[in-house]
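Asks: Quick note, the sequences are listed as chains Y and U, same order. Under my numbering, think of the first position of the first sequence as 9, with each following residue one higher. Under my numbering, think of the first position of the second sequence as 8, with each following residue one higher.
Hints are computed from structural coordinates only; laboratory data are not their basis. Take the hints with a grain of salt, since some may be wrong.
[Said to hold, decoys possible] Think about it this way: if two alpha-carbon atoms lie no more than 27 Å apart in a straight line, the pair counts; the simulated DSSO-like pairs of lysine-lysine are:
| # | chain 1 | residue 1 | chain 2 | residue 2 |
| --- | --- | --- | --- | --- |
| 1 | U | K325 | Y | K101 |
| 2 | U | K246 | Y | K255 |
| 3 | U | K325 | Y | K109 |
| 4 | Y | K103 | U | K99 |
| 5 | U | K325 | U | K272 |
| 6 | U | K17 | U | K246 |
| 7 | Y | K120 | Y | K54 |
| 8 | Y | K101 | U | K318 |
| 9 | U | K318 | Y | K255 |
| 10 | U | K325 | Y | K168 |
| 11 | Y | K103 | Y | K116 |
| 12 | Y | K92 | U | K318 |
| 13 | Y | K43 | Y | K251 |
| 14 | Y | K43 | Y | K54 |
| 15 | Y | K120 | U | K99 |
| 16 | U | K246 | Y | K109 |
| 17 | Y | K255 | U | K315 |
| 18 | Y | K284 | Y | K54 |
| 19 | Y | K101 | Y | K84 |
Every value quoted in this text rests on a predicted model; they were computed, and no experiment measured them.
Listed here are the chains, written in short residue letters.
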Amino acid sequence: MGFFSRKDKTKKPHKEIDIQREIKKAEKDESLWIKCSSCQELLYRKEVERNKHVCPKCLYHFPINVDVRVALMFDKGSFTELYKDVEPVDFLKFKDTKPYKARLVETKETTKRSDAMMCGRAAINGLDVLAAIFDFNFMGGSLGSVVGEKITRTLEQGAKDKLPVILFCSSGGARMQEGIMSLMQMSKVSGAIYNLKSHGIPYITVLTDPTLGGVTASMGMLGDIIIAEPKAMIGFAGPRVIKETIKEELPHGFQRAEYLLEHGMIDMIVPRKELKKRLYTLLSHVT
Amino acid sequence: MRYYLDFEKKLEPLERRVNEIERFYDINDPHYSKEVHYLQKKISKVEKEIYGDLTNWQRSQLSRHLNRPHTLDYINNIFSDFIELHGDRKYKDDPAVVTGFANYEGIKVAVIGHQKGKDVREMAHRNFGMAHPDGYRKAMRIMDMADRWQKPVITFIDTPGAFPGVGAEERGQAEAIASSIYFMFSLSVPVITIVIGEGGSGGALGIGVGNRILMMENATYSVISPEGCAAILWRDGSKGPMAADALKPTSYDLLKLGVIDEIIKEPFGGAHRDWKESFQNTRAALTNNLEALMKYEPGDIKSMRYDKFRKMGIFEEKR
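Between the sequences and the hints, there should be enough to build the whole structure, so can you do that?
Replies: Here is the structure:
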């Protein structure tokens, strides 16, 4: 008895392919595979990209970077970037786990952008517009002085040139590293929206996944017309904060675009594929 | 009930004893008057020690001190004939926001403010000063009337933030705050905002778009509470003191950044140590600012407000 068991213990078992481990490995290899944050499905990245960054299984719209957004929304070659030279400053000398200054240098290098906002003049099927696009890759699209300043200038330009302004939101909210100045951007931009609307110029917002906090509670919800992408998370407080506060499970689909449409908070949900055409029709009605 | 913060605890036995003597013994009895005299000397020594050099974290705690005067205390003490108005005409009356019209030294004004509670019961009723969308909609209703009737608006900020809840989100917390900020830019009457305690994020800004922003010396005004900031950036809510230093939420910080216009001095140790003096100082500041603003034309008031907020933000521009 002892004879066999001893031998079995020392003998290495035949190496089996561990499927779970392979999947985990594939998940880590982000160049090939991407996991849908809505249906958790593992997807082939190329296929997702071909599908305008939309999950083919559940139609979840992945956050996209500003260049992709520009390519999808505007006429080819029509986009001219504005206010490129506005750069962030670490005026509070803010330091959490890392100094804000170092964080900025690092993020600028990886994203090749100066802050979380890209503004420009563009055309949608020949109709001229001004656009402001949040860049979620740059510190979660957080609202700081540069973001606020660039949107404000775009809105002022719209009032001056009588051009409609479209804001594409994707942001986790305020930029804590800029403290109170981040909060003040909410009022600054809202004032500029008031100014634009008083000139009789339409202001349209497109809320994409995610649009939260101070961005929703100012420029996001102030659109004359508010469009959302399917399944986008849109809200004031984040779901985790709400859950911790009320100590209850949240309703199904809470804070998703569909939920907001049902509650009368937005005008429509438009899939990314149809967004350009819808914006064009809308603009042709209101300008 | 007198309440003491941790760093104020040294004062508690001394002040309790003084209180005891005043209540139960003959203060003219030399035996007791001597003791009171001794105690008061000791108290002022301890006060100097604990309040002499306040940290940002201590100020954050003072800004939420339970014995601090709240919006209704200011209204009842520096205004007269206050008539409270209720309800947003859409869903409900939000007790976390108090609104109405009152008389301020002969000037008829609209008053709006977050209201926290003094005791457990009132705190629950007022939802700790955390407004629902209905509170901001009520505020807009009152501002609209004030604008049409040309009455200046005085707002008091004292909230941890707008309430994060399911109902609040469903009824459009973000929309309500956004609309209220937006609406304040349309007002042609002077608006004076006073941060009296805790200025918590968007929930505070929702009634904070003033031509003048005044701030009590120990109040705080920030994009997020120190605890909330610590929980997100350090993933540790107990790092509040570090976050309070990093966020720079005190009146002195905000004056330096140009976000507020004026600091209203508080009695030594904080507004809760002497309400009367706090009200006196607030009244003086309010009178000055109101008189200055009432000289302008309605159109100028509006554009001055826009210009004020337009300037906010610090960035670099390479040419």
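Asks: So, for every hint listed, does it hold in this structure?
Replies: Tested hints:
Proposed proximity of K325 of chain U and K101 of chain Y is supported: the alpha carbons are some 21 Å apart, at most 27 Å. Note on K246 of chain U and K255 of chain Y: the hinted pairing holds, with a Cα-Cα distance of about 23 Å set against a maximum of 27 Å. For the hint linking K325 of chain U to K109 of chain Y, the alpha-carbon distance of about 17 Å falls within 27 Å, and the restraint holds. Between K103 of chain Y and K99 of chain U the CA atoms are separated by roughly 42 Å; this puts the pair beyond 27 Å, and the hint is violated.
For the proposed pair K325 of chain U and K272 of chain U, the alpha carbon gap of about 40 Å is over 27 Å, so the pair is violated. Restraint check for K17 of chain U and K246 of chain U: satisfied, since their Cα atoms lie roughly 24 Å apart, inside the 27 Å limit. Distance hint between K120 of chain Y and K54 of chain Y is fulfilled; the C-alpha atoms sit about 23 Å from each other, no more than 27 Å. Between K101 of chain Y and K318 of chain U the alpha-carbon distance is near 21 Å, which keeps this suggested pair within the 27 Å criterion.
The straight-line distance between the Cα atoms of K318 of chain U and K255 of chain Y is roughly 41 Å, outside the 27 Å bound, and the hint therefore fails. The straight-line distance between the Cα atoms of K325 of chain U and K168 of chain Y is roughly 24 Å, inside the 27 Å bound, and the hint therefore holds. Simply put, K103 of chain Y and K116 of chain Y have alpha-carbon atoms about 18 Å apart, close enough for the 27 Å limit, and the pair holds. At roughly 19 Å between alpha-carbon atoms, K92 of chain Y and K318 of chain U fall within 27 Å of each other, so this suggested pair holds.
Of the pairs offered as hints, the one joining K43 of chain Y and K251 of chain Y holds, with about 25 Å between alpha carbons and a cut-off of 27 Å not exceeded. Note on K43 of chain Y and K54 of chain Y: the hinted pairing holds, with a Cα-Cα distance of about 12 Å set against a maximum of 27 Å. Under the criterion of a C-alpha separation no larger than 27 Å, the hint pairing K120 of chain Y with K99 of chain U is inconsistent with the structure, at around 49 Å. For the given pair, K246 of chain U sits about 21 Å from K109 of chain Y by alpha-carbon distance, which is consistent with the 27 Å threshold.
Taking the CA atoms of K255 of chain Y and K315 of chain U, the gap is about 41 Å. The hint is violated against a cut of 27 Å. A C-alpha spacing of about 22 Å is found between K284 of chain Y and K54 of chain Y, which places the hinted pair at or below 27 Å, so the restraint holds. Proposed proximity of K101 of chain Y and K84 of chain Y is contradicted: the alpha carbons are some 41 Å apart, above 27 Å.
Hint compliance for this structure: hints 4, 5, 9, 15, 17 and 19 are not met, and every other hint is.
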